[in-house]
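Quick mapping for you: the protein sequence lines, in order, are chains R and S. If you count the first sequence from 1, position 116 lands on 116 in the working numbering, and the numbers rise without skipping. Each position in the second sequence, counted from 1, maps to that position plus 1000 in the working numbering.
Keep in mind that the hints were calculated from the coordinates and are not lab data. Ideal Cβ placement from N, Cα and C applies to all residues, glycine included. Some hints here could point you the wrong way.
Claimed, not checked - If you anchor each label on the Cβ, the simulated ranges turn out as follows:
no., chain 1, residue 1, chain 2, residue 2, range
1, R, N34, S, E1469, 23 to 31 Å
2, S, D1409, R, N34, 55 to 63 Å
3, R, Y60, S, E1140, 27 to 35 Å
4, R, Y60, S, A1259, 25 to 33 Å
5, S, A1093, R, F26, 40 to 48 Å
6, S, P1324, R, T110, 33 to 41 Å
7, R, H65, S, E1275, 27 to 35 Å
8, R, P30, S, T1207, 53 to 61 Å
9, R, P30, S, E1149, 33 to 41 Å
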Amino acid sequence: MGANIYRNKKPALAFLLPAFLFMVVFLYYPFFKNILNSFMHLKQLGASATEFNTPWYTNYEEMLHDPNVWTSVKNTIIMMLVTLIGQVGIAIILALMVDNIGRGKQFFRTVFFFPIVISATALGLMFNLIFLRDKGMVNQILEILGKQNLTDWKAEGIALITMMAPVMWQYVGFYFVILVTGLNNISDELYEAARIDGATALQRVRYISVPLLHNVICTCSVLAVTGALKVFDLPWVMFPKGMPLKSTFLTGTYMYYQTMETKNVDYGAALAVLIVVLGVILAKVVNAIFREKDY
Amino acid sequence: MKKRIIAAMLTGAMVLSMTACGNSGDAGSTASTGGDTGAAAPEAEAPAADAGQEEAAPAADAAGPVELVVTTTFAGEDSNAQNYKDAVKGWEAETGNTVVDTSATADETFKTRVATDFETGSEPDVLFFFNGADSNSFIEAGKVVSIDEIRAEYPDYASNMNEDLITASLVDDKKYAVPANGYWEAMFVNTEVLEAAGVAMPGADYTMDQFKADCEKIKAAGYAPIAAALGNIPHYWWEFAIFNNQSPANHLEIPESAADEGGQSWVAGMNDIKELYELGYFPENTLSATDDETFAMFTEGKAAFLIDGSWKVGGIVSSCQSDPNDPATLDTAKLDKFDVTYVPGKGSRKATDLVGGLSSGYFITRKAWDDPAKRAAAVSFVEYLTSDEMVPKFAQHGASALKNAPEVDASEFNSLQIKAMNMMAGTTSLTGAVQDLFAGDCRVSTFDGMPEIVTGRVAAEDAVAEGLEAYHNQ
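Just chain R, with the same shape it has in the complex:
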């Protein structure tokens, strides 16, 4: 009789119901409502849409001709690549280096992880000061080193780099901690055996650490790519309204701009749908590329 409780799934369903209802009310209903709104005429946030656009697919047609959409999609894809190479790549190098030191591992884990706990908005404001044209930290250092003219780090040509560098920097520690944990799970006996067989430190990394980290790296890569789609606050604080000349829009910031700044709410809803579609496609692609292996 006692074991029957594990066969009967009804109590578990009762426990799942509140969470399910929560998801329905706060995720799935707004999600489907948003899809509907993208076909409606809606120019005020919070207002009820009363009529369909004419034709109903107007916003999607407009998207095809909107250069800012293409800019934001292009920038988002660049952001993904930067995230993948900059965040996961640097995190792998840092993790391997920290794993090979004798003392201070905990210290480095804390130091590298610390930016994660700081609000992205606060970081955005801080980097605004760092990259300020007049009296910014970077320009002051360059001035000390003898540079004559002030550099506008937010100018059109380099704005994207200025925006992506802090985003990259902020999340390196997150992947670093995941990778260090992955490295800790590799048995010391493997390294010991390799050492006895005469493997150098580099060979131990190449033939033991990296292959056994494969699945962790895959997980980090999927997280990094999907996370890049959601980046919003730091770029918006540093480059509001896609400044300069709307060249720094990401899909998220452009959707916010259309909804909150221009009050083009239905178009913002259509952009949100685009983000979801983009997210699903990219997640599939990334999952196909970074498929986990069974050992």
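Keeping the supplied structure of chain R fixed, place chain S upon it in accordance with the hints.
Below, chain S without anything else, positioned relative to chain R:
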């Protein structure tokens, strides 16, 4: 079986706890309502002695503190931010009521927030907001109460105001907002930069040609002539550039199209800004800088001219204080280096024809009016903030709508405020801002699109045409 019972009990407990959570909110709100039902501002003026109105004004019979949610634009660098805080404290001390202040700097995000609050039913009780097109949506929805409706119960409401100066709504021509203080837009000057560049302080007959000649000298001396972030806040230049191609008589007329006479004056205004940009009179990073950055250039003596509103006086004064929150730390010698004058004129607009008026006022929302606990308190709050004693403190160097404005004691003002009052004394006309009528997404092509216009990526004609089309489709 035992485990099944435990599981069932846990489920029940969970459901009960959730229900309790839901109920607790209700209970709280019920209790609060109950408490508030009997609450009213003890100081609230008695409603009209009309038997028919007794039911409508139960607040006057009640006692106990009321909590009012108030949103204003008296925040951030607004020169009245401190005056407002002091006034709120004064009203709270006098009445025993409390104010939940949700004020914020007046920008597009703030306007969106207010509009969304109204749409979602979370609007404040009292609102100090723009009385132009920005308030159309909530007036159309009947979410604020007209002054006439309030006067039916409180006959003395806003009776100290000059009726002609209370702006009527664009929606139904009714008056909703009680004005407190007026505003003006003019040109602030950093005289230290002018001296270094050998440029004389502009006067009342300043023309655009003289302005360009001065800018050339300032630029040659190594300074930025104009402090403006065209990629962030082009609003002031937008307004005056259009005004310079019109006259006070027709500035508030929105053109039918970019091709007609009015539309062409807008196009010419955009092209004037483009010309100044191409001449290099704006800061090098004008397209990528924020307004705060270019304002800092002005206060730190790296730029000469700044077109902005009367509210910027407070920001300039703060920049001259070692502690921005402590007026006692004001460096008066530093403040004396700043001046304010007229925006250079052109064509039919004289330099002394300024943009200004009474574009904001206190609204009482329908939600507060229909709440018996809050009605009297809301009226009391607005009357306190718009009293004959309070308005001059807010109006300072600007205009007010008071019938009997008291004499201003100049000794209470700093040097920049006195210069502003002198400048205002020479004004030949004060015209409202056309952008207050041209609100919403119609602005996007020429406001957010200003960088594209000045860099030549979008023709001024196309940008104006797009904006006007959006306006007429609203």
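Unmet hints by their number, sorted upward, for this structure: Hint check: nothing fails, all pass.
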